[in-house]
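**Q** Dock chain F against the given chain P, drawing on the hints supplied.
The chain contents come next:
There are 2 protein chains.
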Amino acid sequence: MSLAVVGANLDGARVGLRAVDGVIVALGPDVEPEPGDEVLDGSAHILLPGLVNGHTHAAMTLFRGYGSDLGLMEWLEQRIWPAEGRLDDDAVYWGTRLACLEMIRSGTVRFWDMYWHPEAVARAVQDSGVRASVGFPLVDGMDPERGKQVQAEGERTLDALAELGPHITPSLTPHAIYTVSEPTLEWAAGQAADRGLPLHLHFLEIEDEISGCETRYGIRPAELLDRVGALGPNTVLAHGVWMDQPELELVAERGATVVTNPASNLKLAVGRIFPYEAMRAHGIPVGLGTDGAASNNSLDLLAEVKLLALLQKHRQRDPKAMPAEEAWAIATGAQAPLLGGTPLAVGQPADFVLVREQAPALEPGHLVANLVYAATGEVVDATVVDGQVLMRDGVVEGEEEIVARARECARRLGVTDERSSD
Amino acid sequence: MSLAVVGANLDGARVGLRAVDGVIVALGPDVEPEPGDEVLDGSAHILLPGLVNGHTHAAMTLFRGYGSDLGLMEWLEQRIWPAEGRLDDDAVYWGTRLACLEMIRSGTVRFWDMYWHPEAVARAVQDSGVRASVGFPLVDGMDPERGKQVQAEGERTLDALAELGPHITPSLTPHAIYTVSEPTLEWAAGQAADRGLPLHLHFLEIEDEISGCETRYGIRPAELLDRVGALGPNTVLAHGVWMDQPELELVAERGATVVTNPASNLKLAVGRIFPYEAMRAHGIPVGLGTDGAASNNSLDLLAEVKLLALLQKHRQRDPKAMPAEEAWAIATGAQAPLLGGTPLAVGQPADFVLVREQAPALEPGHLVANLVYAATGEVVDATVVDGQVLMRDGVVEGEEEIVARARECARRLGVTDERSSD
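As given, the protein sequences belong to chains P and F, one line each in that order. What the first sequence shows, in this note's numbering, is residues 1 to 422, in sequence order. What the second sequence shows, in this note's numbering, is residues 1 to 422, in sequence order.
None of these hints come from the bench; they were simulated from the model. Any given hint could turn out to be false.
[Unchecked claim] Using C-beta positions, here's what the derived DEER-type ranges look like:
(1) P:Ala-13 to F:Glu-277: 47 to 53 Å
(2) F:Asp-30 to P:Ala-404: 24 to 30 Å
(3) P:Gly-414 to F:Glu-38: 40 to 46 Å
(4) F:Asp-393 to P:Ser-43: 19 to 25 Å
(5) F:Tyr-178 to P:Val-39: 56 to 62 Å
(6) F:Pro-29 to P:Thr-215: 57 to 63 Å
(7) P:Pro-337 to F:Gly-165: 53 to 59 Å
[Said to hold, decoys possible] A short list of chain F residues far from chain P (calculated; beta carbon distances all over 12 Å):
(8) Ala-26
(9) Asp-37
(10) Ala-152
(11) Glu-249
Just so you know, these numbers come straight off a predicted model, no measurement behind them. Heads up, the beta-carbon is just placed ideally off N, CA and C, and yes, glycines get one too.
Extracted from the complex, chain P is given alone in its bound form (with noise of 0.2 Å):
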């Protein structure tokens, strides 16, 4: 199997790429298409490697707009939860393939996703042809009996995922502080550390995550994640907007990368923004993430990023902020390894996009400033994912059944508005 395509890079060069079983081997100015290769057109078009979404839950597309604008406990409580526990297989399969559907459509080729019914996600992400980081969230309800069902489920799902093919990372992804209990939270960090495998949670989003932790066991959110061990180069902290400086510099000595998440921040209405420059300051690795379709409500992460990069010249009411490059290198993995995104590089997976030259919201030049402040997923041509093809011409293979299968589970699940519903 090999692939070739000749396009621009940044600077407008030309360039050619040739990939054989999924691997860059040939990249620079006079490559060129050999015999047999299947070839992309890429003539009008820039060759940029793909994004990297840190934080999501992807199936829950399915709730896209559904109890929009409530506040957070009865968003959950009346419409997630209830919802959730409606969740089957099938619901969460398409649910999947929406979200890889769409982000394909704007680029990413890599997500770190949360969610329930973690084998269905997995058959999603495979039939999709991306790559994730795929995790079943463990929540014992701060109930250390209970945990251990948890603790079970989670030993076979991981043993599960692991036979689902090569663009799946299992991951350990325990909810959050507040909602699973200390050992199961020992039991995770020891599962991750035993099996070589990442640790993804929910950390600080929330200000009362503060005095919770505090009352229940006398310490700061991230010691206490130390402390059990969940703290290394290894773990993936989504939001963390509410770290204070001791644990800045905990998290940074232990190597940990810290996900942001713009949209979905402002959308729940955490309170703060992001504290980049200290993440900066301290060295941690930083992802940027869009969080579930239901508080976001998209997962076009050239939307996202312009959001990154807006908020935090705001922030620091410097417009200097966060330059393009900066934000664009956060994008695509390039400021946190952990999360597995690749440069285009000889050696390295032929994970690629092809953005259109001639886009209306590229002109006329200035592509990193403009990738980052005026385009938005629409711009991306072709996704090409481990040598695989997986958008041409703006085209995605299967859209339509996806986009109908999709509608039809959250029409079963009864968290469509009567227009969906007639």
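**A** Frame of chain P; chain F shown alone:
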């Protein structure tokens, strides 16, 4: 000239529309095309009013991404102002065409512009088929003598714009109270009143405007505008983020409209999020704008409306703040009659858009929530203004030429990067 379309409304119910000579003559569940009608296919589409962009410098598409991430004065003094000095009618024409192309592609039917070479702007608007309020930025450097020349030029421009066709509303556009002397402001207000034209100016975008005004005049900016007669029901105030309580009351009493530009305010780090809840409490009509592409860098109101709503949730620390319906009303101009947005109704102008019902971002329903929080301009498939189909099936006639000519103009002005100059 008659046009007919049958689509669905926001509730998914069938709706047919017929327009004759640019005016909606029939609208309802049973309306069908009649013999001789041009028929627009809306079978998989939602029929919506067009969006209204309340503040632009359209031709600044030419400077999109030029000098991004600089401090405000460095950006203006070293990049934008020298480049603007090299502008000519041709560049402004094609820059505005590019802006109109983006706006048509993302469902905007009317915009409020303030830019140099306004006759070229107006020609571009007419040729694009959209509608705009067009004005020449009055700037006299606080020098009333220079102001007299500017006034003479302003009068000539207003006379010329009045000739330029039915889609153009000439307007008086003094730049701001810190660049225009009091006599020139007063002249502008008088001209607007005499000619029955709107007045559109920057107002309290930057905090320094307050101290500058207090030092020079001993009063607050809104008081100055009121003293010169510039604050009335025909006034559009762009930005307004730094209004204090008495100014809110005064602006409300005079009936002026305020247009918020969320992305631009963040990007230029003006330091404060638009105090929408105060505007609402005072009953001030509010509209939405993108500002120029150089400080956004997009003209896509479907992206902007998300930011509008999310920032209000953050500012008020309440996920229920600015629900989707309210944000949508603002984006369509329904909260600010002066801006000229029109509802879908018999007797109204045939200005509307068709949105793809099966766009992944709009699944699985909850259309208003997902138009606001999930969609970008790419969901728009057709845009109609004055009964003319400006985009059909995602295609705008002449798109390639517009992009190429705008790029040429940017090169000629020396504002592209190396990539674009090769």
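**Q** All hints are to be evaluated individually against the structure, with a verdict given for each.
**A** Cross-check of the supplied hints:
no. : hint                               : in the structure
1   : P:Ala-13 to F:Glu-277: 47 to 53 Å  : 50 Å, holds
2   : F:Asp-30 to P:Ala-404: 24 to 30 Å  : 28 Å, holds
3   : P:Gly-414 to F:Glu-38: 40 to 46 Å  : 41 Å, holds
4   : F:Asp-393 to P:Ser-43: 19 to 25 Å  : 23 Å, holds
5   : F:Tyr-178 to P:Val-39: 56 to 62 Å  : 57 Å, holds
6   : F:Pro-29 to P:Thr-215: 57 to 63 Å  : 58 Å, holds
7   : P:Pro-337 to F:Gly-165: 53 to 59 Å : 58 Å, holds
8   : Ala-26                             : 23 Å, holds
9   : Asp-37                             : 27 Å, holds
10  : Ala-152                            : 34 Å, holds
11  : Glu-249                            : 27 Å, holds
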